[in-house]
Structures are given as structure tokens and as C-alpha cells.
Amino acid sequence: MNTRNRLFGAGLGVTAVVSLLGVAAVGPIAAAKAPVVITVAMVNNPQMLQMEKLTPIFERTHPGIVVKYVTLPENILRAKVTEDVATHAGKFDVVTIGNYETPIWAKNGWIRSLKPFFSEMTPAQAKAYDYAGLLKPVMASLSYKGQPYSLPFYAESSLIMYRKDLFKAHGLTMPLHPTWQQIAHFAKVLNDPKQGIAGILLRGAPGWGMNLAPFDTVINTFGGEWFNMKWQPMLDTPPVEKALAFYVNLDRKYGAPGAANLGWQQCLTLFGEGKGAMYYDATSIASDMLIPGEAKPSVRKNIGFAYAPVAVTPRGSHWLWSWALAMVQDSPHPYDAFQYLTWATSPQYLQLVAKKFGWASVPPGTRGFIYQNPNYRKANPVLWQITLNSIDTADPTHPTLHPVPYTGIQYVEIPQFESLGNSVSNDVSAAIAGTMTVKQALAKAAQQEARDVSGTGKY
Amino acid sequence: MRGLIPRAAVDGDLTVTRGGRRRVETLLHWPTTLYLILVTQAPFLYALWLSLHSWNLQMPGLGVPFVGLENYAYDLFQDSTFWISILNTFVITAGTVIVMLILGFVFALLLNRRLPGRGLLRTLLIIPFLVTSAVTAVLWKDTLLNPTYGMVNYLLSVVGIHGPPWLTNYGLVSIIAMNVWQWTPFCFLILLSGLQALPEEVMEGAQLDGAGRVALFRHIIVPQMVRYIEVAVLLGSIFVFQTFGKIYIGTGGGPGVATTNLSYYVYRVAFLDFSVGGAASLGVIGVVLAFVAVQLLFRVFREGTAL
Amino acid sequence: MSRSRGRGLGTWGLDALTYFLVLAFISPFLWMVLTSFKTEVAAYTIPPLIFFKATLAHYASVFASRFWFYFQNSVWAAVGSAVLSVIFGTLAGYSLLYLSRKRASGLLFFIISTRFMPVAAVVLPVYMVLTQVHLLDTHAALILVYTAMDLPIVTWMARSYFADIPTEIFEAASMDGAGPVQLISRVALPLAGPGLWAAGLLAVVFSWNEFFFAVNITYTQAPTLPVLVSSFMTTQGLYWARLSALDTLVVVVPVALGLIAQRHLVRGLTAGALR
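Protein chains in written order, with this note's numbering: chain E, 1 to 459; chain X, 460 to 766; chain L, 767 to 1041.
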């Protein structure tokens, strides 16, 4: 094929896409250009890796767009992406961020509002994408000043997983809505170090996305909070102290060996290998457990689910998190990026995954329709309902027993939280390891709080 | 003792030609010098500038105001983690260097003997030094020290000992163990070449009786080897001082800050807290400390060494 | 020579001890290679399995994940930086012999001191400069940075090889009318050659294994193998066997080079005194 023909071919392809999608703005410009490369920053979660495998399908239906991924573990990715957008290096077009980052980054002007792009959609496109079908609480947390800034790839709340066979053998019954006191009792009975079975698996590793996620829900449900309405530090108050003492005690006495160093990856492996009787973590991790081959068959067969445990108040007892795709402000290809965004978060994508990998593998928590699907329900027995209800009732705007000046359940929606959260999570991990007492850890945490929000501190 | 070493060219012997002119060779270092100034000192100066400013990547609205020495004052007088990280840096470096010297010496002595397959053994022994340190960290964390599935606790359980979760209960020891594994072969190489430089008669003497051997070791071999030990200590310290990947992957600096060294702390402040100014000030302090430490090492070293 | 007669029982005991200690020391590495041929289930089994049905599935899956793309990038970065640092480092090491003692020691200290900076503190400045000059995510950027990281060691090693050459040899060559170019090409380089090879290989190994800069200054064009290792690292649970296969492949090159250069490496690294 000579150059002229190839150009013509490409032009034809793009024109076809444009006429198909009606994105008039790109038409004349894009037709003359070589394929646009969209660089996507992606967390190496299983759901995301699946998307990488399905991307050739997107590229086939969108000739003229090539998608390239930078796949990294969460911590490294977060650092790299922040570095890129904050310095306006502009190497990423689309980034994977969470609902903590979305409003802050929107405010910083690092990511684009998606509202203008949605309003340019044709009725047919809008109908196919079905924006209203995205779960409301999830979209609320991915918006800033009423405009969507990122679209959910999957979303999760938290819940407790347990081993039905072990419960039965010990004559125990897990209620659908357990309390933390009950969980502590179960953990005590079920803990069996000789058999290598921990009573409960909890994240202990440092990092605000690690041990703070579960521990913050414990703070909330024990009636504690990070700040009061005057932004005074509250981490050294009795409810939080009770919460940390409880969490530390539970993990030290009935947790797995080396609890202070376990992240969700290690907990997931341990539970899948049958080394834990209960496991408190994300609903999306529970979904992973049900994918054939993820857990030992004897575990998968016996896995049970219950709502996140509560103590004093149900408020903030289960978290809300979403990995979402956002468009970088400096991206030179916003329209192409938007096409990719709306492909990866569309109802059609979920169906595509179901077709290719089975219903158990469908990214959970983003759209209501999958929860009506009998096949999805069958692939996620009980779990589908707990996930849906937990996401529905998770309210980041009222996360605590007492009124607080911040939003966010397992985080505090302020930019300082990145540093504050990491520092506090270090103290929590130290308390679990026993190198710090609960009181010491919280005194240090409260100091850090005071410094971080007072504005006199360094960070 | 110096006499045993062949007389070598010493810096400055050749500075001028017989005719007293400055030699063109004195200019050949400039590509390196300029390159290093450009590629390392420019960023360093930039870091120095940053260390005098407050800049949080997450809060661009605050701008990058000049704060003078505030970052340094915070590090030195308010931040307990800073001092812990300094102490940990010292413990990790000293611990690693000492153990690697002992092990390296043992291996060098054993493999300087004549034995069948000596070449193969030497070859095998240097492998850990060549392994990517990210891989070393993963290997130790997952397959060796994992409290549930790890080899170490399995072997302990065979002899009836219930092994602890190493990375949480003995974090620093675990990090030092990983470092020792990686750097002992390096030390072994240096000390082995030292032993090989010893005259034949000395090593022949090593075949003597026990008491003679000890005396020989103490009075002849060790003094002979001092220079090599110095090199091992110097280079080893420079590398180990920077330990990062093993902490990052192995312990995340925890539990708490129990295994946070300066390198990891700089990373944490820069890339988890996004405090650019804070990280820069820590980095500058790190350079100053390393400078002082290496100056001290050099001072202790005798004149025969490079510097 | 009657050495062989001296091999008594004690000697054999020491030999056995040597074998045992060396094998014990490298057992983690051997274990990694072994694990890479296991199934995931076998990799977790306690007590650990020594005998099992080997599988090449993990290697297949690694090769399916664009391994060779990363591999190529690693080759570019490592070889490029090694070549540059050996050229510059050799010149500098040679030059140091001709400087006055005070200047030489000051300069060498400066050169070595450039390795002290905690990497994390300069990553951001370097990143921003690379952005400005549009070198982010290129082989050139990696070569630029790695050369700076390798130069101190290479210069140090080169200097000590040159210092090993007795002054008399230079003097004799000068008497015969050798100019600066002949001195370095006919005398210095041949005599220090093996050592310089060792220095270069060491530079390859260091650059090959570098992770922190690699992950920060590359995106889709130039990421190296350690970046691939990290992207495999914390996916769903821990795929030990698959990770072991990747790890094994990643370390093949540095290990092979190290082994090829073994003799030079043994001779290398020291500050002179070796004949």
C-alpha cells in the first residue's frame, strides 16, 4: 500500500468513527493525523489488568487511537502520577485515581471536568453510556462542585468474610450484621495457631491506603473522629483510644504472624490459602475470592459474607472507595481520552468482561444493572447484595457519630491527609507490632494532626 | 610491610614532564568532572534551593514560598523520626559492614585454598552481588522471611523452634541480613584479591600447625590486609548507606519507623507526603552526614590508600 | 612441589565445609530458580517441595508480557551508560596520576562524593530538568543518569589499575620517546585493560539493577526490567512462582556477565597492590 492510500484509509477510518460517534470537533483535525497515543496510568489490580487484555477491542472499534499503559503498584503509581500532573510534565492522558484524590485534584486544576464532554454527546451515545446508571454515592464522591471529574472503573465498600466450615465446626453462627464485640469473641474461639489458622486477618502494614482503611472504619463506628468542628485534633480522645486498643488487641492476639507487616495482598493470599477464619476487607477483594483459581477450592466453597461489623454507631462503619479514571488537564488529546474513559466505564464494557471472563470477574460496584442480572447474582451469592447495600449506605458526608468538618470515611478529604495519614498509619502499625503503646501512638498522632492543619507546621 | 607491595605510580609523581611543563594528561579528568558537575551538582543545587522553600505538591495553591532554614530547623529540632532515621542508617550501615567483613574474610580464606572446583565455588558465591536488589528484597521477604510460608521459619520448625515474624519483630536485623547477603560477595572479592597479593611463602606457611596459623593470621595476614579491608569498608559503606529497595519492599520502613533509614525517610517525605522542600532538606543533611562520615573514614585510612 | 601430599583429613574437612557454606549462602538464589519451575500451589506448599513436576508455564507467561521490550530498554540503558562511564572514567582515572597529590585527592573525593546524595532527594529536580529538555521517557535520560551514578566507581577503579603500573615503566617509555597518546594507548591501556573491562561490567550490572530512577523517569517508551518486576509485584496476592520466573530472567544477564568477568572482578575493585 502506498502512502497516499494508507492516509486515505486512516482518514476513512477516523471519519467513520467520527460520524458514528458524532464528535464533530475532532473530525477535520484528527483525519489528517497519525494515530493518537493515549497513555494511561494504571494500578496493577486484577480488574485493571483485565482491561489491558481487552484494550485491543477498543482499539479495533476506535481506529486512530492507540492505548498504552503504565502499570505499577498503587504506592508507586500514586507518587508517579502526582509528580507528573503537579509538574505539568503532561506524559499521562488518563490517570487512575480514587475518590480521595478526585476533588482535590479537580480543585488544583490537574484534571478536567467531564461535564462539557458529556453535554456534547449525541442522544444515542448518552443512552448507550447511561450516565444515570452509575451508582449515585460513587459518582457523588467522584465529583467536585457538582461536576463529574472521574468515572468509576470499580467501586467497593468493606465487609467481613468468614469460613463457614470453621464456624460450623465450632458451633458458631455469623450474624448478617455482626458487632465488633461478636467478632472479637469469634476470633478468640477460632484462633488456632497450631493449625496455622488466625482468628482474623486485618491489614497492619503502614500506608493510609493500607491499615488506615479498615482502622478508620473502626474509629468511626466506635464513635471517634479525626477532627472536631473547630479542626482540633481528636485522635487522642477516649473513643479513638478505645478503637485502637480494640484493633491492636484483636490483631495481636488473634491475627496472623507478622500482622503489623501485612497488606491486603498478603491477607488475601493467607485467607485464600485457608490461614484465616475471618477477614475484614474490601468487597472487591471478596469478589476476587470467588473467581475460580484465586482461592483454594476448599476455601472458596466455604466462604461466607456479612456486613461490616459495628460498635457504637453504624455511621462510617464501612468505607467507600472507587478506582476511577480521570483525564489529565495537560493532555493534548482530551476527546480521544474521553472516548477511552467512556468505553472503560460503560455498561457494554461490563458485559464484555462477563462474556470473556465470566460474571465473577466483572468489575463490581459501578453500575446498578449488574446487580439485577441473575447470572451476576449467581456468581456472587449474598455478596452482591451486601456490596450494593453497603455502597448505598456508605455516606462520606456524614462519616462519624458527631458532626465533623470534613468528608470521607476511611480518609479525611484534605490535601494534608496524604502526609498525616501515612504518619498515623505508621503509628498504628507500630502499636500492632508492640513497639509503641496505644497511648503513645495516639499522642504522637494527635501532635501530627495539630501540626498539619494549623498551618504553622512544615508540611 | 609496604615493601611487599610493588612500587606503584603515586599521584603527583608524574605531574610535570622532565622539562617542567604541565602535562596534557592533567586535563583528561575534565570530561568526568564537568559531567558530574552538570548532572549531579546542578540537581543538588536545585535541591539546596528547594530545601529553603516550602512546596507541597498536593497544595499548589500555596505556591512555593521562601521559608529560610525552617525545613532544617524542623528536621533537627522537632522531628523525632529524623533522628530515628539517622540512628537506623548508622545501625544498618555499621551492622552490614561488620558482618560482611567477617563473612567475606571467612569465604576469602576458605576459597583461597586449593580445593577441587574452586573456580566454580568462587563463581557461585558472587551471584548474590549480581542479583537486582529489588529481586533480593522480594526473595527474602516472600520466600525466606514470610512467617507463614518462609523457608527460615520452616527450617527452624524442623529443629523444634517456633520462628518469629522476622520483618516485624526483628526488622533491622532482617534488613541487615538482606544487605549482608548482597554485599558479602563484594567484600569477598576484595579480600580475596588481597590474599592473592600475599607472597606465596606466607600462604605456604598457612599450611602449618594450629598455633602457628593463628599467629600467622594475626601478625602477618591481617596487617597485610588492612588496605583491602579499608577499601571494602569505604565502598561498602557508600553503597549500604543508600539502602532503599530492601526497606521499601521488605518493611515499608515499619513497624512504625523502626526500619526507616535516611534514604527511605527522604522517599517518604518526598513521594508519600509530597513535601518537596522537606525532602530536599533531608537530602542535603544526608549529603553532609555522608561527607563527614567518609572524611572520617579517610582520616582513619592510612596514606597508602587512594586518598 | 609436593602440595598434594599435604592433603590430610583436616583439609578434606575444610573442603567439605567450604562447599557447604557456599551452597548454603547462595541457597536463596537456588531456591528462587527452583520455585520458578513450580506451579503456584506447589510454591506455597509447606513443607517445601524439592521434587515436583516442573512447568515452564510461568516463563511462557513472562515472555507473553512484553518481556523483550523491557529487556531491550535495559540493554540500551546499561550498555550505553557503561560505555560512557568507562570512557570518561578511564580518562579521569589516568589523569589523576598526573595531578598533584592534593589536587588528586580533592578531585577523587569530589567524584566519589557525588554518590552520597540520597537518590530520592534528587529524583524530583532531575525529573523536572528532564521534562524541560524533553528527555523524559527516553533511553538517553537513563543513560545520562546512570553514567553519573557509575562514573565514581569506574573512575575509582580505573585510577587504582593505573596506579598499579610501576612508574618505571612510564619513565622507560617516555625515554624511548613515547608521547602522551602512546603512553596511554601502548602502556597504560594494555596493562590496565582487564581491570577496565571489569569496571565496565560492574557498571552494566549497577545500571541494569537500578530501579528508583527507572520507575520515575520512564513511562511507555523506555521502562527497564526492574520496572517490570515491580509491576508484577503486588498484583492479586503473591504469585511467587511467576515472580520467581521473572526474577530469574531479570538476573540472568547480570549474573552471566559477572560470571564471564569473574576473573577480572576478582582482580578488580581493589585500590591497587595486585599484580
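Honestly, the hints are just simulated from the structure, not real lab data. Yeah, the Cβ is synthetic: ideal placement off N, Cα and C, and Gly gets one too. It is possible that some hints are incorrect.
To be verified - Residues from chain L that face chain E, not an exhaustive set, calculated with beta carbons under 7 Å:
#1 894
#2 897
#3 901
#4 985
#5 986
#6 997
To be verified - Label pairs and their in silico Cβ distance ranges:
#7 497/X with 434/E: 46 to 52 Å
#8 520/X with 133/E: 52 to 58 Å
#9 900/L with 757/X: 39 to 45 Å
#10 757/X with 899/L: 49 to 55 Å
#11 838/L with 90/E: 41 to 47 Å
#12 898/L with 520/X: 51 to 57 Å
#13 88/E with 536/X: 31 to 37 Å
#14 536/X with 900/L: 54 to 60 Å
#15 793/L with 132/E: 44 to 50 Å
#16 434/E with 987/L: 57 to 63 Å
| Looking back at the numbered hints, which does the structure fail to meet, lowest number first? | 3, 8, 10, 11, 12, 14, 15, 16
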